[in-house]
Amino acid sequence: MARRAILTDEVIDASLLLDGFVEASRGEGAVASFLGLARSRAMSGGDVSLLRLERHPQLTQLSLDAIVSEGAERFQLAHVLVKHRWGSISPGEVIVFVATSARHRRDALNAVDYLMDCLKSEAIFWKKEEGADGSRWIEPTDEDRASLARWE
Amino acid sequence: MVNEVRLTFYGRLAEEYHQADFPVPPEGLPVDQLRATLARGRPSSSLLNPRVKVAVGGQIVDERFQVLPGQQVDFLAPVSGG
Numbered sequence: 014m015a016r017r018a019i020l021t022d023e024v025i026d027a028s029l030l031l032d033g034f035v036e037a038s039r040g041e042g043a044v045a046s047f048l049g050l051a052r053s054r055a056m057s058g059g060d061v062s063l064l065r066l067e068r069h070p071q072l073t074q075l076s077l078d079a080i081v082s083e084g085a086e087r088f089q090l091a092h093v094l095v096k097h098r099w100g101s102i103s104p105g106e107v108i109v110f111v112a113t114s115a116r117h118r119r120d121a122l123n124a125v126d127y128l129m130d131c132l133k134s135e136a137i138f139w140k141k142e143e144g145a146d147g148s149r150w151i152e153p154t155d156e157d158r159a160s161l162a163r164w165e
Numbered sequence: 285m286v287n288e289v290r291l292t293f294y295g296r297l298a299e300e301y302h303q304a305d306f307p308v309p310p311e312g313l314p315v316d317q318l319r320a321t322l323a324r325g326r327p328s329s330s331l332l333n334p335r336v337k338v339a340v341g342g343q344i345v346d347e348r349f350q351v352l353p354g355q356q357v358d359f360l361a362p363v364s365g366g
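Protein chains in written order, with the working numbering: chain A, 14 to 165; chain B, 285 to 366.
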């Protein structure tokens with residue numbers, strides 16, 4: 014079983030990642046994937062020109078590794094890949110790529126949902142949206158916390 | 285040798301604190317005292333938020349941890365998530 018959590022400050026090519034993941038998952042029953050994209054409008058309605066994701070030199074990778082391991086164990090995954098970007102991200106660009114494979118579709122699909130809920134609340138990043146109206150720090154919402162609580 | 289720790293502030297804390305070094309006694313200082321000393325005179329300091337975690341040498345530590353001269357101390361604002 015391959016479990017990989019990759020942290021990068023480069024543009025993520027989701028198509029290339031998915032092609033490679035499907036090839037590696039040959040023989041499994043199901044592959045599921047998700048892309049998180051940088052928004053062009055803030056939740057408040059203002060335009061967003063740039064998303065800045067700050068990471069910690071050691072702890073961010075450790076937090077991704079822990080989330081991937083928990084997901085792989087919980088859903089008995091054949092393979093799992095999370096690739097997460099940090100740095101300055103423009104609207105429309107990929108922030109995070111998640112892919113899972115398993116014998117059955119329910120495990121693959123639920124694992125992607127679980128991994129995203131964990132990433133949204135527990136991954137060690139600090140996010141700031143910048144736009145014409147100024148900049149603002151992003152914090153996990155009540156919805157994010159409720160989503161994570163589903164899995165307890 | 286100068287008895288100092290190196291400080292880095294993450295997230296919104298970096299907008300409030302800009303120190304890169306801080307003097308500590310040769311025997312060190314517990315995290316809670318370091319936190320309180322940095323926040324002295326700033327009763328509304330974000331540093332006093334219990335959700336602000338502290339890492340030393342790349343590992344999260346508790347408030348009783350003794351920070352020693354020469355160590356890297358990171359103050360982590362509550363995370364945004366990915």
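Because the hints were derived from the structure by calculation, they are not lab data.
Incorrect hints may appear among the rest.
To be verified - Derived pair list, reagent style SDA-like, types lysine to any residue, alpha-carbon separation capped at 20 angstroms: (1) K141/A <-> T321/B; (2) K141/A <-> T292/B; (3) K337/B <-> R158/A; (4) K141/A <-> P314/B; (5) K133/A <-> T292/B.
As the list claims (entries may be wrong) - Here are the computed distance ranges between Cβ atoms for each label pair: (6) N287/B <-> Q71/A: 44 to 52 angstroms; (7) M14/A <-> L332/B: 38 to 46 angstroms; (8) Q350/B <-> R87/A: 31 to 39 angstroms; (9) E143/A <-> P307/B: 30 to 38 angstroms; (10) Q317/B <-> E36/A: 53 to 61 angstroms; (11) S328/B <-> E143/A: 32 to 40 angstroms; (12) Q350/B <-> V35/A: 44 to 52 angstroms; (13) N287/B <-> R119/A: 54 to 62 angstroms; (14) R52/A <-> L332/B: 30 to 38 angstroms; (15) Q317/B <-> M14/A: 41 to 49 angstroms; (16) P307/B <-> E83/A: 22 to 30 angstroms; (17) N333/B <-> R87/A: 53 to 61 angstroms; (18) P70/A <-> P334/B: 23 to 31 angstroms; (19) A162/A <-> R326/B: 27 to 35 angstroms.
Model, not experiment: these values are computed from the prediction.
Heads up, the beta-carbon is just placed ideally off N, CA and C, and yes, glycines get one too.
Hints and how they fare:
{"no.": "1", "hint": "K141/A <-> T321/B", "verdict": "violated, 28 angstroms"}
{"no.": "2", "hint": "K141/A <-> T292/B", "verdict": "holds, 18 angstroms"}
{"no.": "3", "hint": "K337/B <-> R158/A", "verdict": "holds, 19 angstroms"}
{"no.": "4", "hint": "K141/A <-> P314/B", "verdict": "violated, 31 angstroms"}
{"no.": "5", "hint": "K133/A <-> T292/B", "verdict": "violated, 24 angstroms"}
{"no.": "6", "hint": "N287/B <-> Q71/A: 44 to 52 angstroms", "verdict": "violated, 24 angstroms"}
{"no.": "7", "hint": "M14/A <-> L332/B: 38 to 46 angstroms", "verdict": "holds, 44 angstroms"}
{"no.": "8", "hint": "Q350/B <-> R87/A: 31 to 39 angstroms", "verdict": "holds, 37 angstroms"}
{"no.": "9", "hint": "E143/A <-> P307/B: 30 to 38 angstroms", "verdict": "holds, 35 angstroms"}
{"no.": "10", "hint": "Q317/B <-> E36/A: 53 to 61 angstroms", "verdict": "holds, 55 angstroms"}
{"no.": "11", "hint": "S328/B <-> E143/A: 32 to 40 angstroms", "verdict": "violated, 25 angstroms"}
{"no.": "12", "hint": "Q350/B <-> V35/A: 44 to 52 angstroms", "verdict": "holds, 51 angstroms"}
{"no.": "13", "hint": "N287/B <-> R119/A: 54 to 62 angstroms", "verdict": "holds, 58 angstroms"}
{"no.": "14", "hint": "R52/A <-> L332/B: 30 to 38 angstroms", "verdict": "holds, 32 angstroms"}
{"no.": "15", "hint": "Q317/B <-> M14/A: 41 to 49 angstroms", "verdict": "holds, 46 angstroms"}
{"no.": "16", "hint": "P307/B <-> E83/A: 22 to 30 angstroms", "verdict": "violated, 41 angstroms"}
{"no.": "17", "hint": "N333/B <-> R87/A: 53 to 61 angstroms", "verdict": "violated, 31 angstroms"}
{"no.": "18", "hint": "P70/A <-> P334/B: 23 to 31 angstroms", "verdict": "holds, 24 angstroms"}
{"no.": "19", "hint": "A162/A <-> R326/B: 27 to 35 angstroms", "verdict": "holds, 34 angstroms"}
Of the numbered hints given earlier, the model fails hints 1, 4, 5, 6, 11, 16, 17; all others are met.
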